[in-house]
Amino acid sequence: MSLFEPTSADFEPLPRQEKTEQITRPSLSYWQDAWVRLKKNTRAIISLGIIILLALFTLIGPLLWSVNPALQNLNQVSQAPSWAKSAVIIAPYQDWDGIRLEGYTSPNQIASAVPAPTGFAMADTPTTQRVRLIWDQTPGADGYNVYRNNRAPRDFNDLGLPLGSTYGNELSYEDRLSLEPRAYYYSLVPTDGYDEYEVYSQLILTPVLAITPDEAVERGLVTDPSEVNIGDDITIEFHPFGTDYLGRDMLARLMEGARVSLFIGIVAPFLFVLVGIIYGGFAGYFGGQLDGLLMRFAEFVVALPFLLFMILFKIAFGIGPGESGIMPMLLALILLSWPSTARLVRGQVLQIREEGYIEAARLLGAKDHYLILRHIIPNTMGVILVTLTFAVPSAIFTEAFLSFIGMGVAPPTPSWGSMCNEGVKTMLSHPHELIFPAVFISITVLAFNLLGDGLTEALDSKMRSRD
Amino acid sequence: MDTILSVKDLEVEFSTYGGTVKAVRGVSFDVTRGETLAIVGESGCGKSVTVQSLMGLIPMPPGRITNGTATLNGKSILNLPAAEANKFRGVEIGMIFQDPMSSLNPTMTIGDQIAETLKVHRGKSDREAFSMAVELLERTHIPEASKRAKQYPFEFSGGMLQRAMIAQSLACNPAILIADEPTTALDVTIQAQILELMLELQRTENMSIILITHDLAVVARMADRVAVMYAGQVIESGTVDDIFYRSSHPYTLGLKEAMPSNTHDRDKSLTPILGSPPDLFKPPTGCGYCARCPYAMSVCAEHLPPATRISESHEAKCWLHHATAPRIKELHQLDDQDAG
Amino acid sequence: MLAYTLKRLIAGVITVWFIATATFIAMHQVPGDPLMNDKAVSAEIRANLEAKYGLDKPVTEQYFIFLGNMLTGDFGISFTQQNRKVNDIIRDHFPVSATLGLLAIFFAATGGVLWGALTAVYRNRLPDIIIMFLVILGISVPSFVFAALGQLFLVNLNSLAGQSIIPVAGWGTFSHMLMPSMVLGLGTMALLTRLMRSSMLEIVNEDYIKTARAKGLSPTRIFFRHQLRNAILPVITVLGPQIAAITTGGFVVELVFAIPGLGRYFVQAVQQLDYTVIMGTTVFYGAFLVLMVIIVDILYGFIDPRVRLS
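Residue numbers (my numbering), protein chains in the order written: chain A, 2 to 468; chain B, 1197 to 1536; chain C, 19 to 328.
Because the hints were derived from the structure by calculation, they are not lab data.
All C-beta atoms, glycine included, are put in the ideal place defined by N, C-alpha and C.
Wrong hints could be hidden among the right ones.
[As the list claims (entries may be wrong)] Listed below are the simulated SDA-like cross-link pairs for lysine to any residue, each with C-alpha atoms no more than 20 Å apart in a straight line:
#1 A/Lys426 - C/Gly188
#2 B/Lys1343 - B/Glu1324
#3 B/Lys1320 - C/Arg243
#4 B/Lys1343 - B/Thr1305
#5 C/Lys103 - C/Ala69
#6 C/Lys25 - C/Tyr318
#7 B/Lys1283 - C/Ile240
#8 A/Lys426 - C/Ala276
#9 B/Lys1525 - A/Glu13
#10 A/Lys426 - C/Val285
#11 B/Lys1283 - C/Thr238
#12 B/Lys1346 - C/Arg243
#13 B/Lys1283 - C/Phe241
#14 B/Lys1525 - A/Leu15
#15 B/Lys1283 - C/Ser236
#16 B/Lys1346 - C/Pro323
#17 B/Lys1346 - C/Gly319
#18 A/Lys426 - C/Gln289
#19 B/Lys1525 - A/Pro14
#20 B/Lys1343 - C/Arg326
#21 C/Lys25 - A/Phe298
#22 B/Lys1343 - C/Pro323
#23 B/Lys1283 - B/Ser1202
#24 C/Lys25 - A/Met296
[Said to hold, decoys possible] Quick look at which bits of chain C chain B covers, simulated, 3 or more residues with Cβ under 8 Å:
#25 215-229
#26 240-252
Pulled out of the complex, with its shape left as it was, chain A reads as follows (with noise of 0.2 Å):
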């Protein structure tokens, strides 16, 4: 630069520009440049799919997951998770005899050890109606006690749950203890009459699903027992979610619960908030000795422990005979939850009543109406949105809270919150009867928190000015 050396030529006056500012950037609402910049924050957009997903999963879900979730399977209470499976039709279940062994006569003398027994083996293919186990006999033996395990064994004292015992005559033992589809460690252990030895032979082997035709007409599955064949493979029904301690089917009643749940989660804000602006913005619009007396009722009523009287006012309002008890439920929400609602509205229109933009709609002939309508709840509904979307998963909450201890929703209609409660109970043995609605109530809630942060930053006018 110091190189350079200015002409006179570079001395002419430069035009004088009219235009010195430009607007460079478009101009957009507030809502479209709300969303434009909801849509920058990842969270927030895959909240908002998480939620859109939920509103399908509760309303198209049981049209195509049309499996009644008020029916009770006794035989298949508390089932794990599993997915689609055919299952083999076969006779009803025979008598089997198994081996005897002709003429035996027990050893004279207690053996004082024993070889492994052998000829472990299947008698034919396992089902899940029965297993049949045939062995060969064990010199010296004088009874066989026979173990299955869900998994490997570690060492003799690891042989998993005793099935039977048999005597030294007979060589073959039937398994019909609640069989499922999948591999079972079978061990085999010789006695004497009352004591093992310290010796046993193992089997390894999966059951096929198998139903009897009886069993498909009681399933639902086929109207008439004609309409399959032995050794026919048929669809049976299958519990993506497994099932409860009823037997009922975990997904459709998670269906069921969604309606319930997210029905009060939803509603229930929506009623609420809208007798807070009205509430509040009758108080803050009008002002003066009223707004005390209205807002000093608010405080009153925000003292109020807010559980204990969600469950008096519950019970107050009381619940008859084949009722569910949403409605009292809701009624209760509204009456405890609108004072936060109505104190926001009327410090917002407080505050939005002194703007000086107010002042100049006024001077240029604005009516009472036109301001409420054109400025004073247009400015608010930001404020409002954000507090409706935070209001969602506290009224979820409460919901599986007072359902969870039994003061919500009644059998046998289903919430996620009354899921859980029964779940709790059988949370050591099948943990899925609690995991499955709980993370669905957390997945909601933090769905609807993290849309609710996305909204507060996208309209927040301060962040605007920011970028």
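Got chain A; can you put chains B and C on it based on the hints?
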């Protein structure tokens, strides 16, 4: 004259979502003992960033000092780690800010906040530091200082708070006081008192002051020397008389035109500077003032003007001072007088 | 400060009166017969019982008797457990709930401040991201799930150790209290962490932090003396309402961990429609919560000079 602080070619930029803002683009100035240097310019010209980067107060990231040196009594003070910087912050350079209401910790008594500096830098005991804090408050003419020292910021008025801020910054007898728009947030009557106090303390403590302001009236009253900043650069510097009576940059002229004055002709209306400063996301290749300058020439848009020494104390960056440039009455009157 | 305290106390008494009235009205709306558990008894005994509970008098008179009893601190006799005074029930079971609740608040507050400060220091770095992820979980997972998981954890821990290190349920020793109070405080801790974080980040940008740096204070000193202290203030203001949330949230934890607290008793009383116990515990809880909020507010005044002195 002995130079205490010397700043050379300071460049500071900030990374933001919209790109990199070059807030300070090669600023140089010296401060000598006992003098007041005023840095003047409109908001966003980089005057606050300049002094805050000297004090290590700009947040890094997004801020970044990309070039330049600053030496305080011969020691470099740029880009120091906190432990090193704290050897001169509050000790050799004190600083006060624009809004005294928010510049003091709301949950600590005024006395404690002043005493804190003494405890940290001078190793004083609690009691000793507190009684020194009371003395400092007395020196800044706060009535009932011993009672006031036990009060919290919210119990003080704005003017009183700025006095307390000054007392705090003077705790360790600094050689330089940086005052970043010290009177902008105050009432006009209070402004005068605070400025008076600063002048008084400057005399008694033999202290230098760097005064950041956009108010030319304050400059006229306080400054010995003035640096006029525009778009991240010092475009004119000189003694206060140089700047006011021998303005050599069209921007300085514009500022003067826009300032009300009781010596002015009453019928003459104020002339605002049209337009707004350039976007420092994309600093102009030529003179930053080109788009608003009434005397703009084709060279101005393309090339940065070099610094021209107008007198011993006076410098300006404008192509009009080039030998081949046309003569402008307002800018060259004195040259012409001298010549004639 | 004294006048402020007095004013708050008077407002508190009025609030408790409102709570008592609301309780009375709600309970008189409950469908069914308060003496339905005594259906088998003869008309004569029934008349005696009605006289004993004052049910033969008109509603307004019952209301004033109820208010009078509340004033003297007499909550009457339980409907289902004859001869057991409601006061005795509260005296037996409330200390358990209060211990649980206060311990939970302690966990929540210390944890919230600690984690919140930590996330602010490590803003947008790994510790912040991990903690904030856990916070989101803490806010989104219902307390009963935490309670169940906590219990599951203890079961596994004990079976792994082959002995009962920490009891899975029940009440008595400190080890009984540990898991329930942590579970109970978790949600609040998550909330407070979030609040503390945003409060810390807001204060970093305050002018007085810049002043403190210009004064040449060390970063540690600025963090503890100026940033932390001011950031805690908004956390304390929400502590009052959070105590209310935690004490009533205790119901679930008391149920899951089989803790003999007042919450579990209240749920039981509601299921049995034990009128006097329901009314007594509700009013008692309400009064307790109002008192807690007042105490927190006054405490706040001691920490924030702006409140104390105005």
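The hints, checked one at a time:
At most 20 Å may separate the alpha-carbon atoms for a hinted pair to count; A/Lys426 and C/Gly188 meet this at roughly 17 Å. Annotation: proposed proximity of B/Lys1343 to B/Glu1324 holds, straight-line Cα distance about 16 Å (limit 20 Å). A C-alpha spacing of about 18 Å is found between B/Lys1320 and C/Arg243, which places the hinted pair at or below 20 Å, so the restraint holds. Restraint check: the Cα-Cα separation between B/Lys1343 and B/Thr1305 comes to about 11 Å, which is no more than 20 Å; the hinted pair holds.
For the given pair, C/Lys103 sits about 17 Å from C/Ala69 by alpha-carbon distance, which is consistent with the 20 Å threshold. A distance of roughly 16 Å separates the Cα atoms of C/Lys25 and C/Tyr318; the hinted pair therefore holds under the 20 Å criterion. Taking the CA atoms of B/Lys1283 and C/Ile240, the gap is about 16 Å. The hint holds against a cut of 20 Å. With a C-alpha separation of about 13 Å, the suggested pair A/Lys426 and C/Ala276 falls inside the 20 Å cut-off, and the hint holds.
About 17 Å separates the Cα atoms of B/Lys1525 and A/Glu13, which keeps this hinted pair within 20 Å; it holds. Restraint check for A/Lys426 and C/Val285: satisfied, since their Cα atoms lie roughly 18 Å apart, inside the 20 Å limit. With a CA separation close to 16 Å, the supplied pair B/Lys1283 and C/Thr238 stays within the 20 Å bound. Taken as a hint, the B/Lys1346 and C/Arg243 pair is honoured in the structure, with Cα atoms around 17 Å apart against an allowance of 20 Å.
Restraint check for B/Lys1283 and C/Phe241: satisfied, since their Cα atoms lie roughly 19 Å apart, inside the 20 Å limit. For the hint pairing B/Lys1525 with A/Leu15, the CA-to-CA distance comes to about 18 Å; that is within 20 Å, so the pair holds. Among the hinted pairs, B/Lys1283 with C/Ser236 is consistent with the structure: their alpha-carbon atoms are about 10 Å apart, no more than 20 Å. A hinted pair counts as satisfied when its Cα atoms are at most 20 Å apart, and B/Lys1346 with C/Pro323 qualifies at roughly 11 Å.
Among the hinted pairs, B/Lys1346 with C/Gly319 is consistent with the structure: their alpha-carbon atoms are about 17 Å apart, no more than 20 Å. Simply put, A/Lys426 and C/Gln289 have alpha-carbon atoms about 19 Å apart, close enough for the 20 Å limit, and the pair holds. In summary, the hint linking B/Lys1525 to A/Pro14 is supported, as the alpha carbons are separated by about 15 Å, within the 20 Å threshold. A distance of roughly 17 Å separates the Cα atoms of B/Lys1343 and C/Arg326; the hinted pair therefore holds under the 20 Å criterion.
Our distance criterion of 20 Å between C-alpha atoms is met by C/Lys25 and A/Phe298, whose separation comes to about 18 Å. Between the alpha carbons of B/Lys1343 and C/Pro323 the distance comes to roughly 16 Å, so the proposed pair stays at or under 20 Å and holds. Between the alpha carbons of B/Lys1283 and B/Ser1202 the distance comes to roughly 18 Å, so the proposed pair stays at or under 20 Å and holds. At roughly 18 Å between alpha-carbon atoms, C/Lys25 and A/Met296 fall within 20 Å of each other, so this suggested pair holds.
Using a Cβ-Cβ cut-off of 8 Å, 5 residues of the region 215-229 of chain C lie near chain B, which meets the minimum of three, so the contact claim holds. Counting residues of the region 240-252 of chain C whose beta-carbon sits less than 8 Å from any beta-carbon of chain B gives 5, enough to reach three: the coverage restraint holds.
Comparing the model with each numbered hint stated earlier shows that all of them hold.
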